[in-house]
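For reference, the chains in residue letters:
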Amino acid sequence: MASAGDTRLGRAAGQPAWWLQVVPVILGLGAFAVYATLRAFEGAYFQWGPYLSPFYSPLIDVHHKYWPFSPALLILGGPLGFRVTCYYYRKAYYRAFFFDPPACAVTEKSGRVYRGETRFPLILQNAHRYFLYLAVIFMAFLWHDAVRGFLFNDGFGVGVGSIVLLANVSLLSLYFLSCHSLRHLVGGKLDCFSCAVAGRARHQAWSWLGALNEQHMLFAWISLFGVGLADFYVRLVSSGAIRDLRLL
Amino acid sequence: MNGKYETHEHDVLVIGAGGAGLRAAIEALAQGASVGVVCKSLLGKAHTVMAEGGIAAAMANVDEADDWRAHFRDTIRGGKFLNNWRMAQIHAQESSERVRELEQWGALFDRTKDGRILQRAFGGHTFKRLCHVGDRTGLEMIRTLQDRGVQMGFDVYMECAITRLLKDGDRLAGAFGYWRENGRFVVFKAKSVVLATGGIGKAWPITSNSWEYTGDGMALAYDAGAELMDMEFVQFHPTGMVWPPGVQGILVTEAVRGEGGILRNKTGERFMERYDPKRMELSTRDVVARAIYTEVREGRGTEHGGAYLDISQKPAEYVKRKLPSMYHQFLELADVDITKGPMEVGPTCHYMMGGVKVEADTAASTVPGLFAAGEVAAGLHGANRLGGNSLSDLLVFGRRAGLVAAQHAKATVAPSLDPGQIDSAERAMLAPFERKEGESPYALHSDLQENMQKLVGIFRTEEDLRQALTKIEELKERSQRMSVSGSRMFNPGWHLGRDLESMLTVVEAVTRSALARQESRGAHSRIDYPDLDLSWGKQNNVIARKNERMELRQVPIPDMPEDLQVLLTEEKGSAA
Amino acid sequence: MSDATLKIFRGTREIGATVDYRVPIAPGMVVLDALHYVQSHLAPDLAVRWNCKAGKCGSCSAEVNGRPRLTCKTRMDTFPQDKPITILPMKSFPVIKDLVTDVSWNYKVNKKIPPFQPRAGVEWRMYQEDIDRVQEFRKCIECFLCQNVCHVLRDHDKQEQFGGPRFFVRVAGLEMHPLDGLQRTGLLKTELGIGLCNITKCCTEVCPEDIHITDNAIIPLKERVVDDFYDPLLGLVRKIRNAKEPAK
Chain U
1 MASAGDTRLG
11 RAAGQPAWWL
21 QVVPVILGLG
31 AFAVYATLRA
41 FEGAYFQWGP
51 YLSPFYSPLI
61 DVHHKYWPFS
71 PALLILGGPL
81 GFRVTCYYYR
91 KAYYRAFFFD
101 PPACAVTEKS
111 GRVYRGETRF
121 PLILQNAHRY
131 FLYLAVIFMA
141 FLWHDAVRGF
151 LFNDGFGVGV
161 GSIVLLANVS
171 LLSLYFLSCH
181 SLRHLVGGKL
191 DCFSCAVAGR
201 ARHQAWSWLG
211 ALNEQHMLFA
221 WISLFGVGLA
231 DFYVRLVSSG
241 AIRDLRLL
Chain H
249 MNGKYETHEH
259 DVLVIGAGGA
269 GLRAAIEALA
279 QGASVGVVCK
289 SLLGKAHTVM
299 AEGGIAAAMA
309 NVDEADDWRA
319 HFRDTIRGGK
329 FLNNWRMAQI
339 HAQESSERVR
349 ELEQWGALFD
359 RTKDGRILQR
369 AFGGHTFKRL
379 CHVGDRTGLE
389 MIRTLQDRGV
399 QMGFDVYMEC
409 AITRLLKDGD
419 RLAGAFGYWR
429 ENGRFVVFKA
439 KSVVLATGGI
449 GKAWPITSNS
459 WEYTGDGMAL
469 AYDAGAELMD
479 MEFVQFHPTG
489 MVWPPGVQGI
499 LVTEAVRGEG
509 GILRNKTGER
519 FMERYDPKRM
529 ELSTRDVVAR
539 AIYTEVREGR
549 GTEHGGAYLD
559 ISQKPAEYVK
569 RKLPSMYHQF
579 LELADVDITK
589 GPMEVGPTCH
599 YMMGGVKVEA
609 DTAASTVPGL
619 FAAGEVAAGL
629 HGANRLGGNS
639 LSDLLVFGRR
649 AGLVAAQHAK
659 ATVAPSLDPG
669 QIDSAERAML
679 APFERKEGES
689 PYALHSDLQE
699 NMQKLVGIFR
709 TEEDLRQALT
719 KIEELKERSQ
729 RMSVSGSRMF
739 NPGWHLGRDL
749 ESMLTVVEAV
759 TRSALARQES
769 RGAHSRIDYP
779 DLDLSWGKQN
789 NVIARKNERM
799 ELRQVPIPDM
809 PEDLQVLLTE
819 EKGSAA
Chain E
825 MSDATLKIFR
835 GTREIGATVD
845 YRVPIAPGMV
855 VLDALHYVQS
865 HLAPDLAVRW
875 NCKAGKCGSC
885 SAEVNGRPRL
895 TCKTRMDTFP
905 QDKPITILPM
915 KSFPVIKDLV
925 TDVSWNYKVN
935 KKIPPFQPRA
945 GVEWRMYQED
955 IDRVQEFRKC
965 IECFLCQNVC
975 HVLRDHDKQE
985 QFGGPRFFVR
995 VAGLEMHPLD
1005 GLQRTGLLKT
1015 ELGIGLCNIT
1025 KCCTEVCPED
1035 IHITDNAIIP
1045 LKERVVDDFY
1055 DPLLGLVRKI
1065 RNAKEPAK
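Going down the list, the sequences are from chains U, H and E.
Positions 1 to 248 (my numbering) are the ones given, in order, by the first sequence.
Positions 249 to 824 (my numbering) are the ones given, in order, by the second sequence.
Positions 825 to 1072 (my numbering) are the ones given, in order, by the third sequence.
Derived by calculation from the structure, the hints in this document are not laboratory data.
Careful, some of the hints might be misleading.
[As the list claims (entries may be wrong)] Calculated cross-link-like contacts (lysine-lysine; reagent style DSS-like; alpha-carbon spacing at most 27 Å):
| id | chain 1 | residue 1 | chain 2 | residue 2 |
| --- | --- | --- | --- | --- |
| 1 | E | Lys-1068 | U | Lys-91 |
| 2 | H | Lys-562 | E | Lys-963 |
| 3 | H | Lys-658 | H | Lys-684 |
| 4 | E | Lys-935 | U | Lys-189 |
| 5 | H | Lys-702 | H | Lys-684 |
| 6 | H | Lys-514 | H | Lys-437 |
| 7 | H | Lys-361 | E | Lys-963 |
| 8 | E | Lys-1063 | H | Lys-588 |
| 9 | E | Lys-932 | H | Lys-437 |
| 10 | E | Lys-1013 | U | Lys-189 |
| 11 | U | Lys-189 | H | Lys-361 |
| 12 | E | Lys-963 | E | Lys-935 |
| 13 | H | Lys-568 | H | Lys-514 |
| 14 | H | Lys-719 | H | Lys-794 |
| 15 | E | Lys-963 | H | Lys-568 |
| 16 | E | Lys-1063 | U | Lys-189 |
| 17 | E | Lys-936 | U | Lys-189 |
| 18 | H | Lys-526 | H | Lys-514 |
| 19 | E | Lys-1013 | E | Lys-963 |
| 20 | E | Lys-982 | E | Lys-1013 |
| 21 | E | Lys-1068 | U | Lys-189 |
| 22 | H | Lys-719 | H | Lys-702 |
| 23 | E | Lys-932 | E | Lys-982 |
| 24 | U | Lys-91 | E | Lys-963 |
Same shape as in the complex, but just chain U (with noise of 0.2 Å):
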């Protein structure tokens, strides 16, 4: 298209860097791929006591009579295919590893064939709400997950780890809440709530997971964290790098 092309050398004046924004998620997101990929193929110290790291729950064929490998190869499959299809996440990796675009108004490189959305494989990208209902399996077992952390040999009891994962129970939760696809299913498809069967209630959900959806980003960050480090205290306590402190 004809524009005002070659005269805009001042294109970039005053604007701030557009790698600010693309670098803490090119690290984050790298950082954790690294760690899980690790983790997911070590295979060893996924619990202590009464705790389950969350990368291996739902525990599955845990002493290889099926499958040779880790058992977190099993199910990693489900939250990483609710992460990869994210809304959000999608926005975060099209910026900072398709450059598609790397910012606001800064100029792509040019001459690559864009089809978006439209094709193979990135027309599965459809498939959110599939992972979301995988997901509310694995949110089951993570919750029956966290309140075993409170169950000791000895009965009830609190440790270090039984908050840590409740905590990333919790973080986790708020991500699946906030949701674009559950906010669809829930009362977004509906277009007049008041003419719909049960439209008050399905429009209140819709309105609570509407204020949730708002901070999507913030909860796709902190559940990611969350879940690492989870993990991470998991395999310190089952290593015996550390002794899990009992508080209760």
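Given the coordinates of chain U, assemble chains H and E onto it according to the supplied hints.
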């Protein structure tokens, strides 16, 4: 016609794409006419977009006692009995239906609890009557009309300015104009022309109006031989922003007062108690504007020469929901959080009650084939317009103008265009390019504005007005020496030069009419004639072009039928 | 009072360059005030589109120091005084002259969208809870800054296949209108190419009306497109329903 000019032919040509123009176009289309809409800006940017408070219509959704009779009475009382009674009657009777129509075309007004259109209180209206969408009612209205018209299939000529109406003998034949983008000329041939060009605010420096509001329609009509009426009645909206200087004049919606905003002077006194103890802040605009002006003149103004308007006693969430644009406007442009503290406000030139004299039922001017609706037309509002009556005016009379224009087009044969008129219109447009080192249109404009602000403002005297007329004559002479630099491509200097011509015609009409009316009524306040004069209450000032000169005469206002007079008598005592 | 230097693009789509102008600064001045000063004192033929000068009409869009903005709402005191302020026309639209661009493409896209059509036999009652979210979309002032910043249009020139954020907002307003009876998901998927949007949110960042374009308009529409075209379960449900009650 020679092939020298790009030419378009329509049954109905609508000049102006605000509420009145779009509503006229929609109605003409519905009648099966081919319709062209010409506008100086992009579609959807007309001044209607800035209307904030609401559309007045006696739907009685909130106050059950309301009906068209009450609306009629309020309009006439607000207009100080100078209104055309028939227009006020049609307006009050038809506005509810026009609002419902908007809803059926997709507009979404704020709702009552039981799902109907919510209505709010406004100055001069006895009941809660203004259908609204927060404080962006005009945007909702223009977007609805725009989408409706586009879908029905009118041709829009955007960023195209009309500089002359073309005639075939006595009747209208079309219009001549230029494309702002490339400066090329264009001719429209039409059996009917509807003027919907809005007001004249840009003749004053402190105004809520955009650059477009230069009185084009009134000047075009005047040049084409139509009559102008009530030109002395220029509404100064009481509340415009006063600080910082760059935003001076930007409108602060009356909805702030409608929602409970309180006016105070610098001593903290709620001064409206002295000017209109009954209605206070919700008095009519002329009264509130004069009150603020008087407070400032007598030394009780705020730091920057205004009054304080305070809505911060209401819950912050409520203010943000009902007045979102005001909240952002003050936060971003003036560093004032209106949920925490008062705004500084002062009068700003806002609306023209006068304009093209039209027939009440048909919106027809005195020139066959020429119609006018909305702010460019006179009659409905008399000496002072009530807030909210403008948007309803656009809908009611826009529709009527479109309807009759289409019928007129059906009943007449195609006019023929006179190449002589077109050539002379072209020469007039090109003249400023041929003069070198002449007057700058920007300097002329700013001198014109200063003249009007100083001499033809809220309070007027014979001496000032006479001086203003002399100044206007000088400005006219200087405008003959105006020159323009650059090319014809999107050249704002050149465009302003043409707009100045319209403004010069209109301000002369305003000043002459103001000089003639030796009384104070509504928006027209004479320091030398401070009282209402009953005999002046029975006549309108009418202006027409006779032998290249502006001629002013008084025309008696039409007699109101008994059954309508009855509606007024019961309350007349409290008016004035 | 001090001076500021404005670097303003002067020229046409064929040829042009920025030109420096010195402008005295007054308190509270916005960029549009500065442009008006240039017009009336230094360059009478400087082409600028503007109307209301109050942020309500959306005419005065331009790129100020690389960021798409309304010049009437951009305060001069938000920039460091010692550096020049660069003002360029919107990049995604062809320049006509100086800061004025040809935005007619938007009006063509708008024509493709079927307008509001009430469902048969509706009762004209609507409740605030049903229209709250639509009223957000109806705040749009058509400044086209979102269209300008969207990389699908700005860098990939998909004007033929893509409608752009402004028109997703418009369609969202129609689709979620409680009394509207039309379905526009097919239009969204094909002519308006919503799949090309990769929800990178620049439209939301530049919106002067604070419309949550991505979260509240585009993503809910994407979810509706999934409902109608990509969700196999819902497709199955539709098939069964249609088999039960033959199409009208």
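>> Need the status of pair Lys-963/E, Lys-568/H: alpha-carbon distance at most 27 Å?
In response: Holds - the C-alpha atoms of Lys-568/H and Lys-963/E are around 14 Å apart, at most 27 Å.
>> Lys-562/H and Lys-963/E were given as a pair; does the straight-line alpha-carbon distance stay at or below 27 Å?
In response: The hint holds at about 23 Å.
> CA of Lys-932/E to CA of Lys-437/H, is that 27 Å or under?
Replying inline: Roughly 25 Å separates the two Cα atoms, so the pair holds.
> Is the straight-line distance between the alpha-carbon of Lys-1063/E and that of Lys-588/H 27 Å or less?
Replying inline: violated (57 Å)
> Has the given pair, Lys-1068/E with Lys-91/U, been kept, meaning a C-alpha gap of at most 27 Å?
Replying inline: violated (41 Å)
> Has the given pair, Lys-568/H with Lys-514/H, been kept, meaning a C-alpha gap of at most 27 Å?
Replying inline: holds (26 Å)
> When you check the alpha-carbon spacing of Lys-91/U and Lys-963/E, does it fall within 27 Å?
Replying inline: Between Lys-91/U and Lys-963/E the Cα gap is close to 25 Å, so the pair holds against 27 Å.
> Hey, Lys-361/H versus Lys-963/E, does the alpha-carbon distance stay inside 27 Å?
Replying inline: holds (22 Å)
> When you check the alpha-carbon spacing of Lys-963/E and Lys-935/E, does it fall within 27 Å?
Replying inline: Holds - the C-alpha atoms of Lys-935/E and Lys-963/E are around 19 Å apart, at most 27 Å.
> Does the structure keep Lys-935/E and Lys-189/U at a Cα separation of 27 Å or less?
Replying inline: holds (25 Å)
>> Holds or violated: Lys-658/H and Lys-684/H, Cα atoms, limit 27 Å.
In response: Violated: Lys-658/H and Lys-684/H sit about 48 Å apart, past 27 Å.
>> Between the alpha carbons of Lys-932/E and Lys-982/E, is the straight-line distance 27 Å or under?
In response: holds (14 Å)
Hints 1, 3, 5, 6 and 8, counting from the list given before, are not met by this structure.
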